[in-house]
Structures are given as C-alpha cells and as structure tokens.
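Colleague: So the chains spell out like this:
2 protein chains.
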Amino acid sequence: MEKMKRIERVIAMTKIFIDHPHHLFPYKYFCDRFNVAKSTLSEDVSAIKFSMENFGMGHLETMPGANGGVWFVPDSTDQEDQDFLLDVAKQLSNPDRILPGNLIYMTDLLCDPQIVSRLGEIFMKKLHYLKPDCIMTVETRGIPLALLVARAFNVPLVMARHGSFVTEGSSVSINYVSGSAKTIQTMAMPKRALHPKENVLIIDDLMKGGGTAHGLVKLAEELGANVVGKAFLIEAVEPTKKIISNYTALLRLYKIDEINNKIDIRPI
Amino acid sequence: MEKMKRIERVIAMTKIFIDHPHHLFPYKYFCDRFNVAKSTLSEDVSAIKFSMENFGMGHLETMPGANGGVWFVPDSTDQEDQDFLLDVAKQLSNPDRILPGNLIYMTDLLCDPQIVSRLGEIFMKKLHYLKPDCIMTVETRGIPLALLVARAFNVPLVMARHGSFVTEGSSVSINYVSGSAKTIQTMAMPKRALHPKENVLIIDDLMKGGGTAHGLVKLAEELGANVVGKAFLIEAVEPTKKIISNYTALLRLYKIDEINNKIDIRPI
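Chains as they are written, first to last, in my numbering: chain A, 793 to 1060; chain B, 793 to 1060.
Think of the hints as simulated: they come from the structure by calculation, not from any bench.
Owing to the predicted nature of the structure, the values given are computational and were not obtained by experimental measurement.
Be a bit skeptical, because a hint or two may be false.
Only pairs whose alpha carbons sit at most 27 Å apart, straight line, appear in this in silico BS3-like list of lysine-lysine [what the hints assert, rightly or not]:
#1 B/1000 x A/983
#2 A/797 x B/830
#3 A/1054 x B/983
#4 A/882 x B/830
#5 A/797 x B/797
#6 B/983 x A/1000
#7 A/1054 x A/1034
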C-alpha cells in the first residue's frame, strides 16, 4: 500500500481503536498496516490522544517495551454522563410505564443499542479499577446491558440461566430466593463458561432485595470464580433491607405510585 | 470553544460517526459543536469519507436539503468478512465443542462482544436493503447477536420470551413446534414492544428445522408487524425439510460426528 496523508491514516486508526476498546495493539501492527515508520506513527498516536482527551471522548494509553503498544479507553465527561442518566431517568419516569404489581416496563430502553452502549461505557468508567476478566448476568432482561458493559471492558459475557439447558453441557446450579417472587428459584451456569480464579463483575438491570444478585455471587463462587463487583442500572429503595452490600448503582427508584400515577426515579 | 486544527476535529468527528452508525447528523450539529463554517465542515466530511472508503471501513452518506445531513454506514471488505467467518467456523469446528445429543457448545462465541459486533456488521451489510425498523429474536442464546445486529442497523431490539412475564405487561403469545424438542412450546411478546406495520428482521443463532423462526414470524404477524427478513448465524443441513424459506445464513453446519469426534461447519 502506498503512503498516504496523515489525516487519512489517523481517521482509519481512530476507527480501529474505537472498534476495539481496551485492545492492546503493538506499534508494529499499525506500522505494517499503514506502511509508516514508528516515529511517524508516534505522531499519529499523539494527535489521536490529544483530540480524544481534548473532547473528553477517551484516552490512548501506551505501554513501552517489546510487548508494549497502545490501546484505547473510551471516556465521556461527567456532565455528559449526568445528562444522559437524567434523560434515562426521565424516560423511565413516564407514568405509562407503570405495570400492575409495582413494576415498571423498561425492556424497550434496555433493548435500545444506543442507550445500553452509553450505559456500558458509564459502568466501565466507574468500575475500571476492578479489572474484571468477565461480566456475569442472568437471563433475560439484563443481557443487552451486560453485553455492552462487557464490550466496553473488552471481556466476555457469561450468562446464568433459569434451570439447566441441554445445549450448554454440564453445568452447576444453585437455588436462590427471589425477593420479588418470594419463591425458591434455580439458576445454572455451564461449567465451561467460567474458569476458576476469574475476576467476575456482576451486572443486572434492577436490584430490589438483592436475592438474584446474591444467587449470582453464590453461583460464581461455586465455580471457583472471584466476584470483584456487583453493579446495577437501578437500585430500588424498597425493600430497605438488602441481602447484598458493596454494590454500585446508577439510578435509584424511590417510589412507584400507582394511585397518583407517578414514578420517582433519579440518578444517584 | 476556540477553533482547532483540522486533524483534531476529524478525529473527534470520526468517533461520533462510529459510535452512532446510521444516525443522521445535520451539518449544523457539527458546525455548532466544532465552531466551524459549513464549507470547512464539508472538507472534513470529505476527508473522513475518503479514508473510510479507501480502507473499506465504511461510507459517509449525505442527504442535501433542510432536513439533510450526513451519516455513517460501517463496512468491511468481502475478504475480511470471509476471513472472519472462516475463523468463526474454525473455532466452532473444535471437537471439544461436541455435546451429547448432536449439539455444539457455542455460547462462549455468541457472548464475545468483539465476535458478535463483527457478525452484526456483516448481517447489516448483507441485509441493508431490507431497511428493518427493528430486530426481533427469542431468548436466550441469540440475544447478544441480535442486539449487535440491531446496533449495526441503529434500530431497537425486541425480544420474545418463553412463556409470559409479569414484568412486561400485557402480551400476545403463540404456540409453536420446536423441531429439536419435538414439543409444543409457547413464546410471548409484550404488546407494546412491537408496533403494527413495523418492518421486522428476525435474527437467531441457529436454524435447524425452522420451527422457532416460524414461531417468531407468526408472533410478529399476530402483532400486525411486517416480517421483511429472517437471518441466522448457522443453518443446519439436517433436517433438509425446513418449515421456512427465503432466509439468510452465514455458516452451514453439515455434520456433527460424535463417533469420529468431528464437526463440519463452513461459511456459505
């Protein structure tokens, strides 16, 4: 490939970085792909780094040495995050979302790729320091969110399922008490999905009493994994007594008032 | 914000385009955000367009007029797609994946954000002309793939579920015959998830006899939607008689040979 103008090269490099967050690219990868010397490449990387940081869009981090290289960490400004979460809370507060039984319809937002992409990056930004090896959730509604948290961290998603499934091979299952249903339920995970000693970050859309999250913790531990964090899009104020502690939530649900047709949910 | 160098601006614009595939940005959005005249912006857009097309990474499409603007459509070269699908097929051919009962363990690949991101873009590229308003799937294993197809098209995902769920509000359900289980099963979808006349693209990970996909078609039609396409990551050769026709698949599963410990799966 013949040499090209810097501007074309940095555009293409930007695309590659954004498509692969947290992926370490050796400098050689870009030198070969774009047929440039390392000194030229360093200037390109500097330009991208400067622009991303200037706009609060992300960081390029570099590691020197033979195994070194450069990787991209998406970012956003705190103000952008706050505005976004306010908007999500506002959408969730629409009284049309009230369902019988003190519930909110929110599957549409949780299945909107743009919304869960942004949420995934916000969780990653907040919990970056946990350095999880994988993201864990339980079917069904939380899967899209958990997948895009996994994408933001550049780690795999592992899914627990209700009951055991023939298509997954041998699995480990546990019983847990779901607070909302007040019944004993079963969730299972294929043995090969999670490896011993892996650092697991648990993600779910809604946490009320914490029964399901507690079940996920037990399931991960049963497989020898190490739970490094638990995070939820929404934490419900009720019940006040939670079975888990040390968790992160982005929004807090104060009240669903079926009589006055109001939902009170706000960013934390 | 003070004016900046072109290179910094196009890097930031590239990030915005890539994060929002198929989203129409009025020129005014960028003029305001970057404090530049429309003529300058046009040159920036041309540079990004040229670079993306030069590397086969995507297209910037423009619409003139008062409601016009510019949007990004991700792309990849046919060779890259073919290489990627060959690699996925190779990973799926690993005999360690054989499970009792003529099944393949593939949840790990279907939960790898990088793999499903690429698959989502490949489906979008192949089925762009269908112009779906939403992507539809059924829980559980196909959800990550369907979500990233939805992301590539910039449309919402809607999920059918087995049985009916209290957290989803009033729903429509249908019975269908799953070929693999040879039993009558039920799937349901909240009424508010899908709107009449919407163009629906059905996505699932694996199609054998087509019973589940047929159920999804019936469910969409029951809600008044218009199924514009059906697409699967893998089409199994067996059974040869399918209940659906006119579908797209990326890989074909020829045989799982439990005795000789071999899986034959190849790109189509």
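Colleague: Which earlier hints can't be squared with this structure?
Modeller: 4
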